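Turn these sequences into a full structure, and let the hints steer you where they fit.
Residue numbers (our numbering), protein chains in the order written: chain A, 117 to 229; chain B, 262 to 1003.
Since the hints were made in silico from the structure, they are not lab data. Hints are supplied without guarantee of correctness; some may be wrong.
Computed list of lysine-lysine pairs in DSS-like fashion (alpha-carbon distance at most 27 Å, straight line) [to be verified]: (1) A:LYS183 / B:LYS904; (2) B:LYS880 / B:LYS791; (3) A:LYS155 / A:LYS227; (4) A:LYS183 / B:LYS791; (5) B:LYS713 / B:LYS737; (6) B:LYS379 / B:LYS450.
Owing to the predicted nature of the structure, the values given are computational and were not obtained by experimental measurement.
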Amino acid sequence: MSDLPIRYNSEEINGWQVLQLWGRLDRTTAEEAADEGEKQLAACRKLALDLSGLSYVSSAGLRTILKLASGAEQAGKSIVIISSEGMVREILEMARLDLFITIHDSVDDLKNV
Amino acid sequence: MKGIKNWLRRLTAHSRGGIRRQVLFLVLACGLSTFLATLMLFGYFLYGLQDALEAESRDIENVVAESVSDLVGKHTRTWLRTTAENEAAHMGRELAVNSDDVEFLADSMTMLMQSRDKYGMRQIVNARDMEDIAAGTPYLHYSPQLAAEGVDGELAAEIGQAANFVDVLIPLSKTYWGYRSVFVVASRKGYSICVDNIPGEPRQSIYPSPEARTAFLERYDARQRPWYRMAQAKGTCTYTDVFLAEEGYLGMGCAAPYYDENGFAGVVGINGSIEDLQHQVRQVSIGRTGISFCLDGNGRVVLSSVGEGVLAPGLQGADLRENPEPTLAEAARRMTAGENDVVKVLVDGQEYYLAFAPLQNADWSFGTLIGQDEVLAPAQEVASTVQEEMKEFYEILGQTFAGGAGKALLLLFPLAMVAFVTSGVLADRLVRPIRALTKGVQEIAAGNLDKKLEIHTGNEVEKLAACFNEMTEELKEHVQRLSQAAAKEERVRTELEVAARIQAGLLPAPLTPAVQAGKFSLSAFMQPAKEVGGDLYDFYFLNEDLLVVTVADVSDKGVPAALFMVMTKTLLKDQVLRRRNEKDLAQAVAEANDALVQNNTTFMFVTAFIGILNLSTGKFIYVNAGHNPPLLCRRDRAEYLPKAQNPILGVRGGMAFVAETLVLQPGDSLFLYTDGVTEARDKAKEFFGEQRLQEILSATAGQEAEKQMETVLEKLFAFVGEANQSDDITMLALAYGKKDEN
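See the structure below:
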């Protein structure tokens, strides 16, 4: 499960367009994920990247997330990350991504935003 | 010897191979066999035609000859019959005139003799008293016997009375003028009254010569003549046989008896030359072989157009009915029987047609013959003409056939040449695209993938060429892709090499033991991944006591990452060195971050851990910018430092950075690393992990940096095994102070 290529699913939850990712977000899948994210972002005003399904995020993956965040910021749109406890959350925290982009524990948190 | 063998092999290989040669051979074989077949058919046709023509012409010959001879035969028969009938009628009429005259004379004489007392004495000349007697003059003649006995008074009176008959005789005799004829009234008593007609000069002598007069006077007794005897014997008007007259001409007489009161008194006869008849018969004779003749009632030839042979006239001639030739004898029998026909007879061994018809008022028959050869001559001529014509026709036909065959043969050579050349051209045309194909394919095989086969034959070869073109195109694309891939790979490889060199060039030289001076030990290791990751370690002194250590990880690979790494290292070092004290480290990092953000357009970022160790006090001030927290090894135990408080560098400017402080005891050590270590994976794709690293470092706590590094490396490589290294592996071990010996 952890090594499967990245997969996506998107649905609207609590007024947010939620893009769910599964698998690994690393150098090999980063570009694909970026494309998908940009596509979703272009079609909505509020995008939530649900990384709960990811088994790993590499520095390239972080870069993709930062890139999306930057794009949203420039377009005046909102973007958040949803990431539950685990390795990915640890990586995100280790890189202090929370300093650039809001990270929620679960989609339920979106109600309060 | 070997050369000859090679030559032979080449020759046979050459003769075996080659579509051109095969096509040439095939076309030639077809053409020639067609030629030969046509020739044979032509020859057979000619032969058959000639045969049929020959047979047909032979038939024509026969038919023509037969029909012509048939026609000629029929025609001849008809014509012969007509001729015979006409002649017979004509001659019959002539003869009939004589017998009528004779009968008239006989009747008149009978009347005169039976009533002679009514007539006076009439004096006519006596031949014996006259030197000469002119023709046409009636005269009296005494037979030698009567002349010798003398004429008494009674007889003289009778003679004188009978002499009145000249009144009948003279007029009648005049109607015969122009003919050699003798009118005789011959008494049984020996006197006769005569009138001779001699055509020609009037009043000429009836005696051809004096000797003839003498002979006539001394020997002639009318009662001895055949016509007298015949008429006396038969008692009716009778024709005599042909006889030779005293005067030397061929004569024939017609005689009839006359009577007085005592019965038979004598014979009246007209003897005439039949040379006119004879002339007529001769005239009637037809053609070269034609013979005409008259047969009397006794089967004797009395008149004939020929003087010799079986059909020559003969006064004492044999009876033709008894001729040894049966056809002739049969014909003679039928002629004497008064029949009328055309038959074939053999005369002197020659075949003749014989037409015969009876003469009227006489038991004669007229016959006319013509040689069958002559009759059939036109037919034979026609047949031979036809034969000649046919022969000529054969010759022309033969010449035409021979000429045709010759021309066909003459034609064969140019045609064969044309066939040869045409098939050569055809074979060339067939083979040319194949050769072009071969040449093109060879060119393609030689490496010219831009070569396009231009073959427009509209057949399989064109399809093949199109397939080749497609294949070449694909091959070209493939080669291009390959070369592009290779170029790309080469570029990447070069790039990575450059990146690796940049990376390696940035790393500081290991610190010598003298520099360490027993106050610390430091060991750093970096192994770039195949695709250089942009890891960095650095260490330098700010002054004698302050040692700066840095470990950073750029979020990209290759040259851009390496360059970003150069920037990071330079900016960080610059900022740190500019301040020259440990307290302003956070500020230095913040400013370095701002500088990095300014030059970063590609969202590259770098995680960094930078710390300054005071070698005198063991105080360690550090800033963790989103980097993996290092491990602190203290008293048999390694623990991770708290997670980073600061953001990663290069993303956003103007961020505040916070420094933290740690005091190291002698024997303590710090282990800095990049995620290439904890995220190294074995074949089963399992991460090396923080846990495992922590355990290993726990086991090596208190050891010198090199020793720790050695152990970690050993364990790490053992764990990874043959699996690929996906990221740079960078580690830095820093052991503070000299561990107590005790």
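Cross-check of the supplied hints:
Between LYS183 (chain A) and LYS904 (chain B), the direct Cα distance comes to roughly 23 Å. Compliance with the 27 Å bound is thereby established for this hinted pair. Between LYS880 (chain B) and LYS791 (chain B) the CA atoms are separated by roughly 38 Å; this puts the pair beyond 27 Å, and the hint is violated. Straight-line distance between C-alpha atoms of LYS155 (chain A) and LYS227 (chain A) comes to about 24 Å, which keeps the hinted pair within the 27 Å bound. At roughly 26 Å between alpha-carbon atoms, LYS183 (chain A) and LYS791 (chain B) fall within 27 Å of each other, so this suggested pair holds.
For the given pair, LYS713 (chain B) sits about 12 Å from LYS737 (chain B) by alpha-carbon distance, which is consistent with the 27 Å threshold. Between LYS379 (chain B) and LYS450 (chain B) the CA atoms are separated by roughly 21 Å; this keeps the pair inside 27 Å, and the hint holds.
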